[in-house]
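J.: Chain residues, written in single-letter form:
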Amino acid sequence: MIWSGPEEFFAMGGYGLYVWGSVVVVAIALVIEVSLVRQRRRALFVQFSRNGNTHDETQA
Amino acid sequence: MTTRDSDTYYSGNASPSAAKHRIHWFHYASPQTFYPLAGRLIPWFAALAVLLGAAGMYVGFLVAPTDAQQGDAYRIIFLHVPAAWMSMFLYVVMAFWAGVGLVFNTRLSAMLATAIAPTGAMFTFLALWTGSLWGKPTWGTWWVWDARLTSELILLFLYFGFMALQAAIDDPRRADRAGAVLALVGVINVPIIYFSVIWWNTLHQGASISMKSAPTMAMTMLLGMLLMALCFWMYSIATILARVRCILLERERHTDWCMTELRGTP
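Respectively, the protein sequence lines represent chains A and B. Residues 0 to 59 in numbering that gives the first Met the number 0 are what the first sequence lists, from first letter to last. Residues 0 to 265 in numbering that gives the first Met the number 0 are what the second sequence lists, from first letter to last.
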């Protein structure tokens, strides 16, 4: 461990805003992408159970 | 009938024994066989991504020492460089599968290219975002119009262009072909990004890793970066496989196997 305490860890030598701004945005982007793919899959199954195989132009 | 075997050519119901002994390179090119295979692989790649990500962040943020020149701002490297690598690598893979789809007219290859584009665009955005947050404390500016940054921005627009073009064409097979041409033409941008720091004067530092010389950074820094790169790699495979499964179901929902799948639970 290179840090003496949590404050030092979060401060990142004064560059906290830049470092954590990178980490948080990367994490958010990955979470959003995974949830979008899951949502896309779930929507397919819901649409099939409602409308069967008919192609719904409004949802396409 | 695609076989060139003369026996089967002349008699319609010849025994398939000759075909049995061939290696079925194209077996998993069939959507019906690829779909369950991809489904089985996704949890493994996702688990690897989580493990490698945890290890990479541990090494990068708790083990690697503070940089003598850049202080702790350099820790953005553990996200920036892997994201930038993935942005370029995924573009080449996307163009490759788009090209395969164009030449061999294979549906799955084209769908794979379509599935790669959003993930590639996301990593391009993340490379630009983290680069900007790294540039401010070290260069004193969020952005410069130099070769490396501009060509990476063009990469983002190439991804957007590919997705927009495919979305604008109703017939999926025509969309595949149009997208493939765009993707293949855009490949020229990838070596431009990679070599931009050598070819032009730029604020951007040179390549982080060189095959020709010993690593110039501490081993723990290098390890953290490689772990994060592997994490993003595994993450991309898992996400792209999940997305291509959605695209398969969307496009082939009229087939029996898709209907059977769609009757189940997501």
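There's no promise every hint is true.
Some, not all, of what chain B presents toward chain A, calculated at C-beta under 7 Å [said to hold, decoys possible]:
hint: 1; residue: Ala217
hint: 2; residue: Arg250
hint: 3; residue: Leu261
Keeping only pairs whose Cα atoms sit at most 25 Å apart, straight-line, the calculated DMTMM-like set for lysine to aspartate or glutamate is [claimed, not checked]:
hint: 4; chain 1: B; residue 1: Lys135; chain 2: B; residue 2: Asp145
hint: 5; chain 1: B; residue 1: Lys135; chain 2: B; residue 2: Asp66
hint: 6; chain 1: B; residue 1: Lys135; chain 2: A; residue 2: Glu6
hint: 7; chain 1: B; residue 1: Lys135; chain 2: A; residue 2: Glu7
No wet-lab data here; the hints were simulated from the structure. A virtual CB, placed ideally from N, CA and C, is assigned to each residue, including glycine.
J.: For each hint, tell me whether it holds in the structure or not.
T.: Against the structure, the hints come out as follows:
1. A least Cβ separation of about 11 Å between Ala217 of chain B and chain A goes past the 7 Å threshold, and the interface hint is therefore violated.
2. With a cut of 7 Å, the hint placing Arg250 of chain B at the interface with chain A is violated, because the nearest CB-to-CB distance is about 11 Å.
3. Checking Leu261 of chain B against chain A by beta carbon gives a least distance of about 4 Å; that is within 7 Å, so the hint holds.
4. This hinted pair checks out: Lys135 of chain B and Asp145 of chain B have alpha carbons roughly 15 Å apart, not beyond 25 Å.
5. For a cut-off of 25 Å, the pair hint linking Lys135 of chain B to Asp66 of chain B stands: about 17 Å separates their Cα positions.
6. Between the alpha carbons of Lys135 of chain B and Glu6 of chain A the distance comes to roughly 23 Å, so the proposed pair stays at or under 25 Å and holds.
7. Proposed proximity of Lys135 of chain B and Glu7 of chain A is supported: the alpha carbons are some 21 Å apart, at most 25 Å.
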